[in-house]
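*Asks:* The lines below spell out each chain.
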Amino acid sequence: MDPITDSAREIAAAVNLREISAAEVAERLIPHVARLDRHIGAYLELTPALMRERAAIVDRRIAAGERLPLAGVPVAIKDNMCLTGTHTTAGSKILRDFIAPYTATVVQRLLDAGALPVGKTNLDEFAMGSSGENSALGVTRNPYDLDRVPGGSSAGSAAAVGGFEATLSFGSDTGGSIREPAAFCNVVGFKPTYGRVSRYGLIAFASSLDQIGPFARTVADAALAYDTIGGHDPLDATSVDRPLEPTADGLREDLHGVRVGIVKEFALANLADAGVRACYESAYRELAALGAELVEVELPTADYGLATYYLIAPAECSSNLARFDGVRYGLRVDGDDVGEMYERTRAAGFGPEVKRRILIGTYALSSGYYDAYYLKAQKARTRVAEDFARAFERCDVIASPAAASPAFGFKAKSDPVAMYLMDYYTIPVSLAGLPALSVPCGAVIPEGGTRPMPMGLQLATPLFTERALLGYAHAYERATRHAERLAPVEIAAA
Amino acid sequence: MSTTAIPRGDLTPALLDKYEPVIGIECHVELKTATKMFCGCPNVFGGEPNTNVCPVCLALPGALPVPNAAAIDHLIRAGLAFGATIPVHSKFDRKNYFYPDMPKNYQISQYDLPLTQGGVVRYWLEDGSRAECRLTRIHLEEDTGKSTHASADGRLAGATSSLVDFNRAGVPLMECVGEPDLRSAAEAVGFLETLARTFRELGVSDVKMEEGSLRCDANVSIRLRGAADYGTKAEIKNMNSFRSVRRAIESEIARQINVLETGGRVIQETRGWDESAGVTHSQRSKEQAHDYRYFPDPDLVPIDVTAEYVEQVRATLTELPFERFVRYVDEFGIDSKRATQLVDDAPLAAWFDRAVTASQNPQATVAFVLGDLSRLANESGTPVAAGKVTPDALAELVKLTSSNAINSKAAKQVLETLWNEGGSATALVEREGLAQVSDRGAVEALVDQVLAANPKVVDDYRGGKTNVLGFLTGAVMKESRGKANPALAQELLKEKLGAG
Amino acid sequence: MASDRIDIRHVAKLARLALTEDEIATYGAQLGDLMSHVDELGSLDTQNVAATAQVVPSRNVQRADAVRPETMLTHEAALRNAPQAQNGYFRVPRIIAEEG
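Chains as they are written, first to last, in our numbering: chain H, 1 to 494; chain F, 1 to 500; chain G, 1 to 100.
One thing to keep in mind: the hints can contain errors.
Claimed, not checked - Calculated lysine-lysine pairs in the DSSO-like style (CA-CA distance at most 27 Å, straight line): (1) F:Lys-146 - G:Lys-13; (2) F:Lys-388 - F:Lys-409; (3) F:Lys-95 - H:Lys-379; (4) F:Lys-146 - F:Lys-237; (5) F:Lys-18 - F:Lys-32; (6) F:Lys-95 - G:Lys-13; (7) F:Lys-91 - F:Lys-18; (8) F:Lys-95 - F:Lys-237; (9) H:Lys-379 - F:Lys-91; (10) G:Lys-13 - H:Lys-93.
As the list claims (entries may be wrong) - Selected chain H positions facing chain G (Cβ under 10 Å, derived; list incomplete): (11) Ser-208; (12) Ser-318; (13) Asp-336; (14) Arg-346; (15) Pro-352; (16) Ala-377.
Stated by the list, open to error - Just so you have them, the derived chain F footprint on chain H, three or more residues with Cβ under 8 Å: (17) 77-89; (18) 271-282; (19) 286-299; (20) 319-330; (21) 358-367; (22) 418-428.
Worth flagging that the hints you see were computed from the coordinates, not collected in a lab.
The C-beta atom is built at its ideal place from N, Cα and C for all residues, glycine as well.
Please construct the entire structure, taking both the sequences and the accompanying hints into account.
*Replies:* This is the structure in structure tokens:
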């Protein structure tokens, strides 16, 4: 067995059966990641001491007769989730030295399930971005082409799993921040229904949209991860108190009887790149070949998705980020009076994208503009959700591109709005709170590139139907095995 | 335009009468719950700084609020006590502004769908007159931390730095907004006092202004008496006791009259009350009105209040202070001052009510309760309700006194013994032989004895010095070793002195 | 509806962000650009549509009024990340306005 390439299921089974100890897993991963990450830069902070400590605990518990769902599985955690004793920076200078005094519910559930924390991964600052380039604290590279972005905002989490620096990782998705980097990095990225996974301890970006979800190299692993972290948390008032349906045993092998909705407004003809178009046409054919019935559905308000999202998310974030003021933690730049301190601290601590969104959000909520902007966007959101509800009367799952292109080069998208368009397909799904994932569906040689870069197929289902969603994705993955045909860039052992 | 200001003391009644004050009170009341509004930290006063905090009330990154069910209950009870409407849908909103003692730099509050709307506070004034003031709303929010300022006098102005303690951050707060129905400082205080009494009676708050669990601001304006429109109002803050509230409002009314009388205009502003100087100071800040950018808090879900729940809560309401006051004055005929005394001591009032039920004589009962009985309680440091005298025992004593079975001196003695030993009044009277002698013949015999023994005094009386009657009555009492019915003795004395 | 020229200075003040003149110009332009995309929302019919404040169907989520000692922070933990602390308090520069 190989703890670096094996699946989470395989590692957990082996550790539970004591074929390998958690300590051995840790000792394999630690030097491996240290070497690889000098090139990939997925991690902001590696936590070998903590990893060893947790491994010892896992081994003790197994010896005492317990069986743990994620026994000895190396996991990476996006650095916007609090873990006691670790830096938790949100990729921002304003929290560069912040050491979390408490642990996020999801992270605690992972540790309790036996997972071994490899480290905290890089992200676009405060989860705002679609490439990873907005991080103020590090650069993460796409493991499949080090000159390309891994996607964002969960840049490091996607790259860590895609680059075999962890078996599972956890990111957050607000408008596509799990699905898009998953597509770019040849991995499965899953965003559960809003409210399924606790947000307690997740540094908030847009409260009504944020969700934590797993990255994995297989759908089965993503299902295992979700089953471990999902479920009601009394510390999060927005987490739903509904029984969690296990998904790991609902993974089907075909799509007979399944109606797959193809969205008219997401017509592939609108994609500029012929290679990308062909990739998705092929993916749709593969769905049909598995027995699915392809049905055209409409989302008439899909085009309003971006405008809606770029009002709601910044508005919420402008309020959520107000607490970063130099008073109780984080960066402080002094001033003659507290007002000056606030302004200087926040000017020095926040990067340009964060400032842009705070400004937009503050503007959208400000006196005289609330009705026209924020309130209007909340109503538009209802329309989007209604569109999906109507579409799901005619289909069981909606399929679409996860992103309009494969991973692009660094600095390729200098215009903020061009960057926002990367979330075109993922945003409407987020607005409706639906469960969705990206699963590898092929590769395309990008314009001006030489290496084939991964592509991801987005699948979305109605609220609270994670079991069905993962089932469909599993069938597609097992039949097509696209991820297995690509390998990350060879990083010489040196 | 500016003529010499009229010193406050010189504001004539005519001037005060020319203008009608219009006052609206807004207050914040800390709720008495076990924990804070949105987290599981204890809701306690004091403590070393920053020892009563958690990720939520310290606003660490990633923390989330979860509402306290008891706080919502308390608020609805408070609203129902004043006849407010409880809406079917309510929610929490964020009020966004920056201040060091507000950890999130927004306060979770309620904006357009508060938990209660409307309502009326019926209250009474010192002179016993009654009035009403409508409520606009009562809503739920969270308290801030506390900042102390490093300056010579601990005040904000002139401080070089501030120290912030978040122990209080997140404590549940009721914001009560009253309509501008109040027309004098006295009314404002009366309104506030009854508001406080009611909250205390309901058990929703301790309402201690000195501990900060009741804080209030007053909006004060004046207009020509008879005018239809309101004048410009000033908001008065920093009043730390009921007395300050009265003084501050009176001061502000006088100031505004002064302004108008000297040809000026009242400016809409915030003014802070300066207790030692006895005046309000303008706190006009340089900026425009605050833009709080209210929006529904996305970390919380809406509140649906069912009619069943409202009725459940309403059923837990017991007699409120105003109702009790009215009962004491209207049904029991007690004067408003003593009625207020009783109402302000809930355990005593409850004890008193039981005694009245047994004695059926509220006037006599209240005389004992607020008189000798309270004196005994104060002297011993034990409250009446915790003492050895039972309401039934007092009721017995009342009956014994009012039927003239014993006289007032004996009654005092009985009460003192009951206080120390407990037991039954009747038994005690018998045991000590304290029964008053009211037998006409027996008293007459004593009277004859006294008159015979004091011929000179008798002559004095018959000569016009009628005040010696007291001496003679006292002599009869002494002869009887205190047991004679003094009224009867006096009556017989007068009869016999008058004759001959 | 036409997007007004955004008063970036005012918005930055509300958000307590000090901006340089360059930033005011750059962000002003970028935000104006974004807002012209956002203005498209004006053409979406939302009459008689309720606002979605919350996607989840939950209502009345509350907690019992009981102390949760396990979620509390020790005094040391509370102050550990403090930029400036004094005698157990968080120290800040002087406050000028009554409400910031």
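*Asks:* Indicate, hint by hint, whether the structure satisfies it.
*Replies:* Consistency of the hints with the structure:
{"no.": "1", "hint": "F:Lys-146 - G:Lys-13", "in the structure": "holds, 24 Å"}
{"no.": "2", "hint": "F:Lys-388 - F:Lys-409", "in the structure": "holds, 21 Å"}
{"no.": "3", "hint": "F:Lys-95 - H:Lys-379", "in the structure": "holds, 21 Å"}
{"no.": "4", "hint": "F:Lys-146 - F:Lys-237", "in the structure": "holds, 16 Å"}
{"no.": "5", "hint": "F:Lys-18 - F:Lys-32", "in the structure": "violated, 44 Å"}
{"no.": "6", "hint": "F:Lys-95 - G:Lys-13", "in the structure": "holds, 16 Å"}
{"no.": "7", "hint": "F:Lys-91 - F:Lys-18", "in the structure": "violated, 45 Å"}
{"no.": "8", "hint": "F:Lys-95 - F:Lys-237", "in the structure": "holds, 20 Å"}
{"no.": "9", "hint": "H:Lys-379 - F:Lys-91", "in the structure": "holds, 17 Å"}
{"no.": "10", "hint": "G:Lys-13 - H:Lys-93", "in the structure": "holds, 21 Å"}
{"no.": "11", "hint": "Ser-208", "in the structure": "holds, 6 Å"}
{"no.": "12", "hint": "Ser-318", "in the structure": "holds, 6 Å"}
{"no.": "13", "hint": "Asp-336", "in the structure": "holds, 7 Å"}
{"no.": "14", "hint": "Arg-346", "in the structure": "holds, 5 Å"}
{"no.": "15", "hint": "Pro-352", "in the structure": "holds, 8 Å"}
{"no.": "16", "hint": "Ala-377", "in the structure": "holds, 7 Å"}
{"no.": "17", "hint": "77-89", "in the structure": "holds (count 4)"}
{"no.": "18", "hint": "271-282", "in the structure": "violated (count 0)"}
{"no.": "19", "hint": "286-299", "in the structure": "violated (count 0)"}
{"no.": "20", "hint": "319-330", "in the structure": "holds (count 8)"}
{"no.": "21", "hint": "358-367", "in the structure": "holds (count 4)"}
{"no.": "22", "hint": "418-428", "in the structure": "violated (count 0)"}
Checked against the numbered hints listed earlier, the structure breaks hints 5, 7, 18, 19 and 22; every other hint is satisfied.
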